[in-house]
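Engineer: Here is how the chains run, residue by residue.
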Amino acid sequence: MTSSVLDSRECDALARHLVGRPCPPDVAARYQRAVTDLNLHLHGAAQLTWNAACAFVPLLAALDAGVALWDRNGVVRRRLLVMFSLLEAHPENADRFLFRPRRAWAHVRTLTRCVLAPFAMLVGTPLAIACRLSGGKP
Amino acid sequence: MPPERQDVDFIVVGSGMAGVHAAQTLVDAGARVLMLDGGATAQPATEPPAGKSFVALRQNDREQHRYFLGDRLEAIATPAGRPGSQLTPTRRFIVDHVDRWLRFHSDSFAPMESLALGGLGNAWGAGCYHFSDRDLEDAGLPAAEIRSGYQLIADRIGVQGEDDDTSAFCGGPIQRLQPVMDMDAAASALYARYRSRRQAMLARGLHMGRPALAVLTRPMPGREPVAFHNMDFYADNERTAYRPWCTLDVLRRNPLFEYRGDVVVTDFVESADRVTVSGRSASGSDPRALQFAGRSLVLCSGAIGTMRIVARSLNGMDRAFPILTNPCDYLLGIQPARIGKSLGERLSSFAQLALFYRPRGEEHPVFSGGSVYTYQALMLFRLAREAPLSFALSRDLLQFLQTSLLMIGMTYPDWPTRDNFLKLTPDRDSPTGDTLTAAYRMSERQEMMRTRTLGAIRRHLPGIGCWIASAVRGKNGFSSHYAGTVPYSPDERPFALAPNGRLYGTGRVYVADSAGFRFLPALGLTWTIMANAHRVARGLVAPR
Numbered sequence: 000m001t002s003s004v005l006d007s008r009e010c011d012a013l014a015r016h017l018v019g020r021p022c023p024p025d026v027a028a029r030y031q032r033a034v035t036d037l038n039l040h041l042h043g044a045a046q047l048t049w050n051a052a053c054a055f056v057p058l059l060a061a062l063d064a065g066v067a068l069w070d071r072n073g074v075v076r077r078r079l080l081v082m083f084s085l086l087e088a089h090p091e092n093a094d095r096f097l098f099r100p101r102r103a104w105a106h107v108r109t110l111t112r113c114v115l116a117p118f119a120m121l122v123g124t125p126l127a128i129a130c131r132l133s134g135g136k137p
Numbered sequence: 000m001p002p003e004r005q006d007v008d009f010i011v012v013g014s015g016m017a018g019v020h021a022a023q024t025l026v027d028a029g030a031r032v033l034m035l036d037g038g039a040t041a042q043p044a045t046e047p048p049a050g051k052s053f054v055a056l057r058q059n060d061r062e063q064h065r066y067f068l069g070d071r072l073e074a075i076a077t078p079a080g081r082p083g084s085q086l087t088p089t090r091r092f093i094v095d096h097v098d099r100w101l102r103f104h105s106d107s108f109a110p111m112e113s114l115a116l117g118g119l120g121n122a123w124g125a126g127c128y129h130f131s132d133r134d135l136e137d138a139g140l141p142a143a144e145i146r147s148g149y150q151l152i153a154d155r156i157g158v159q160g161e162d163d164d165t166s167a168f169c170g171g172p173i174q175r176l177q178p179v180m181d182m183d184a185a186a187s188a189l190y191a192r193y194r195s196r197r198q199a200m201l202a203r204g205l206h207m208g209r210p211a212l213a214v215l216t217r218p219m220p221g222r223e224p225v226a227f228h229n230m231d232f233y234a235d236n237e238r239t240a241y242r243p244w245c246t247l248d249v250l251r252r253n254p255l256f257e258y259r260g261d262v263v264v265t266d267f268v269e270s271a272d273r274v275t276v277s278g279r280s281a282s283g284s285d286p287r288a289l290q291f292a293g294r295s296l297v298l299c300s301g302a303i304g305t306m307r308i309v310a311r312s313l314n315g316m317d318r319a320f321p322i323l324t325n326p327c328d329y330l331l332g333i334q335p336a337r338i339g340k341s342l343g344e345r346l347s348s349f350a351q352l353a354l355f356y357r358p359r360g361e362e363h364p365v366f367s368g369g370s371v372y373t374y375q376a377l378m379l380f381r382l383a384r385e386a387p388l389s390f391a392l393s394r395d396l397l398q399f400l401q402t403s404l405l406m407i408g409m410t411y412p413d414w415p416t417r418d419n420f421l422k423l424t425p426d427r428d429s430p431t432g433d434t435l436t437a438a439y440r441m442s443e444r445q446e447m448m449r450t451r452t453l454g455a456i457r458r459h460l461p462g463i464g465c466w467i468a469s470a471v472r473g474k475n476g477f478s479s480h481y482a483g484t485v486p487y488s489p490d491e492r493p494f495a496l497a498p499n500g501r502l503y504g505t506g507r508v509y510v511a512d513s514a515g516f517r518f519l520p521a522l523g524l525t526w527t528i529m530a531n532a533h534r535v536a537r538g539l540v541a542p543r
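If you read the sequences in order, they're chains A and B. The first sequence begins at 0 in numbering that gives the first Met the number 0 and counts up by one. The second sequence begins at 0 in numbering that gives the first Met the number 0 and counts up by one.
For reference, chain B alone in the conformation it holds in the complex:
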């Protein structure tokens, strides 16, 4: 059977953050692009009604159980620790079809992968972190090009932010930032106390500030500024937070661009003048093997998805591929001075504050970073089931204490080690003929950073009115930050990337997602993924 399409310049695999920005740059330069994607989307029937606040829905909507718990009680039924268990029911489509097509087995690593339209970008917390030049160098990325990419992406997606004590870790010279949005009363109180004791906190290595967020406070075409409905964990009704499909909607209006959903790409074959991509129907609606051909291929399936495709295509079965992920901890804090006080009316579910810890005497890039959330748009059952108390007493206490609670997610950097790897192994029961296995454990260096970070937070946050009640170690892979599976290398070697993103051993296959990053600082990597995808794509269409 001949391939379905043969006349496109580029086939882009994946519609996540890397895919849409690579495609946008290619189309802007006049190239014809076919995007292949799993394409799973949310079921409209389970989406909450637009324009209603979290409190209004809780007080009035008799169907709220459908999106707060799920039609099949997914919010309760999914065992904690299983990939996707951290998603709210309305975001569960992100992992649709994954069990079937992306077979995975590991006792030490639990990544979340996606075949959804927009990929993991649908669950992005919207944090925009600017890697320093040192971070970029360690990751194998050209600093000057990525810096200009940050600005271009910020202009495309809309980013709010301001200069503060966290800028040294994640800020950059970005123009045209939108003003930051209002904080709720609990975060405002914490930040005010931090500022009043700023010098003492800085001397102890703790830096606090406002996170840059891809959340609008000024309108952009087709998107509205934040309306403070506080439903951000459940819906994107106002298109306030950037999602990949915002760019995809623009691309779909361009005749040079074609989107083909319901395709799981399995592998590719390269010939003298084209690349042929094979895949299957994600939903199973078409039992045939699918084939598409184009002049070049740009893989944007995420670090793990790209690794699967590369391993199948270049005889990499049973080979150990490196994997990077930010180990994480979830801390529950309480502000006693806030007990019994309201959070106010203008609420949003996004991170309210950014928090960094760098031990005295340590040099960049050895720091831990995290985000501070207030507990305001999640149901109490999530906390009550973790408490060693009866549900009745938990409800009584949490109803009153919830406005004084803070959730802090801390992440730690990651470097490649021999202990941490992915391996694609043959599996006759899998529809792709293989299963991905993995091994991951934190290094001694990371364990030491974790101990020092948690110790410093426990010791010093009470100085600004926040006591840490508990700290839970996130399962390896729970940060959803993945990189380094097919790393950049200045020297040609198998299963590595040239600096321009070309996969060594091929002539027409490029990787534009985080698979190439050789280092992960303790920062969200999404903005860098988008900037790098633009960089790789621009290199492909630049005049020679």
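Chain A with its partners taken away, still in its complex shape:
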């Protein structure tokens, strides 16, 4: 698999996880450039964990929760932050970040996510520790 195909899948997986829709191409290009410019490269077990998470979005949710607790300044969380901010600064995602009143089903969805959060953290903890041990710092 070529690097650009992997990056494209990575961007889509991250965008689906963070905002629930595919990654716009211009955001993907900015993300790939940022990974290089900010030296957010992964190695070893961290790279393997990251690739697995990007291939299977529920695992990405667990990894996101895990690094939020155990590897806050690591490369994985920095990559998530970069994609989060790039998606936020894109007009197609304004409805995912700007305030808007919600209907009942949206509250139910958020509540469900809150209930599932401890489980995600539990699953994400060993993944985050693996990343922390091998991922290095940006």
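If you're looking for bench data, these hints aren't it; they were derived computationally from the structure. Everything numeric in this text was worked out from a predicted model, so none of it was measured. C-beta: ideal position from N, C-alpha, C; glycine also. Wrong hints could be hidden among the right ones.
In silico contact screen, one side only, chain B against chain A (beta carbon under 7 angstroms); selected entries [stated by the list, open to error]:
1) Asn59
2) Ile75
3) Gln401
Just so you have them, the derived chain B footprint on chain A, three or more residues with Cβ under 8 angstroms [as the list claims (entries may be wrong)]:
4) 19-33
5) 40-50
6) 53-66
7) 78-87
8) 125-132
Fit chain B to the known structure of chain A by using the hints.
Structural biologist: Chain B in isolation, oriented as in the chain A frame:
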């Protein structure tokens, strides 16, 4: 090489709040003024388009990442805690060239310095706080003259405000104030609850009111009233908020005034009839050493910048200079009753409310002061990266909760102590040949005030519907309030100022910025800096 200019009456160093108002007063009196300044400016390419609201840009502008994140993702890449990290990308020019020319090293103090046109005034929150006579006396400033200076500056720059419970801390008898602007719905709700429980809150030492702001609600020449575009953290398109370059634009039309940018002033030498100022090109475009001469010199480089120039010029290397700064805390509050409700349409990013705490039984000036902001024009990633939650869950929660969030910045007063100092030390790797080092720690008195203030806010704000979710201690120097490096002294002594601003040991060198203040109350000091700069300048041109 002879100095570049020799025929001016005054050389003013720095184009910040002190520099432009000192220069304005000098030029108004008929003096010829040369202003030397680092002169860094914003890159027009990264400025957001004028006339568009924050929401409209977020919804429609495909280039918004350039000014919300920065072309090089500066908003993310700059490590938290580093000077300038609190700036939005469009304001990053404020710290351009600083790493090169203003070398600094300290583990306990992180000041923000500037070589920009307008200096730190470009990041000013526009809060106008009137020091009480007691504050002024403690700071070494003549109360009557500064009071009249407040009025003159208010007329020059345009200030909105009204009398309320905070006037006892920061109000004054100012005429011709502009009406206050609309608050957003979250701040209005908090203020309404405060007013309904006013007596109980006052009894607990908490005072709330509308801050006086240098933000127009009525037009002034060349400037428009607030348009509620809510882009105030990113741009000054309508010139609604006062910035030093508003005055500089007026000065530049006067033939008595000359502006020379791209100059970092390093030191001065005084002779019998003139002062010669040396500097270098800030951008490096001119490798030569630059020299300028005038009859008198007025230093307005900010308390830290002025200290650097004085230390180099008067053999003050390796000498400890005092430093004052307001220690600060940032509190995140939430109003549960506001969850899920809109903030309304007329939004601005400036402080919505002022908050003061004075413990019962304490006398002035022992109080803590702060500003209340609503979270409406900053990107969510700034909060999400601080939360111990996944980014996906943070987005989901913050999108809904953001209109109920409040940011409260609290500051505490500062007095000179032996523990807190700046020292310029030789450094062969620095282009100026030196590096500034510093030590700063909060005194026991300040720590006690901090503990009492945060305790009172946590206990009593829930009574008006606001719960504090977290409090983060700002790194020392993060308030951007600096003073006291070359203090006023009634007695002649080295590295101090005479009451008229003259630097002791010199005959023609004056300091008109906050370097002279001997005390900092828990208030913004910008209005006082401007009033004092006018006072010093007026003394220089007053008939003898």
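Engineer: Are the hints correct? Go through all of them and say.
Structural biologist: Here's how the hints hold up against the structure:
1. Asn59: holds (5 angstroms)
2. Ile75: holds (6 angstroms)
3. Gln401: holds (5 angstroms)
4. 19-33: With 3 residues closer than 8 angstroms to chain B, the region 19-33 of chain A meets the three-residue bar; holds.
5. 40-50: violated (count 0)
6. 53-66: holds (count 3)
7. 78-87: holds (count 7)
8. 125-132: With 0 residues in contact (Cβ-Cβ under 8 angstroms with chain B), the coverage given for the region 125-132 of chain A is violated.
Of the numbered hints given earlier, the model fails hints 5, 8; all others are met.
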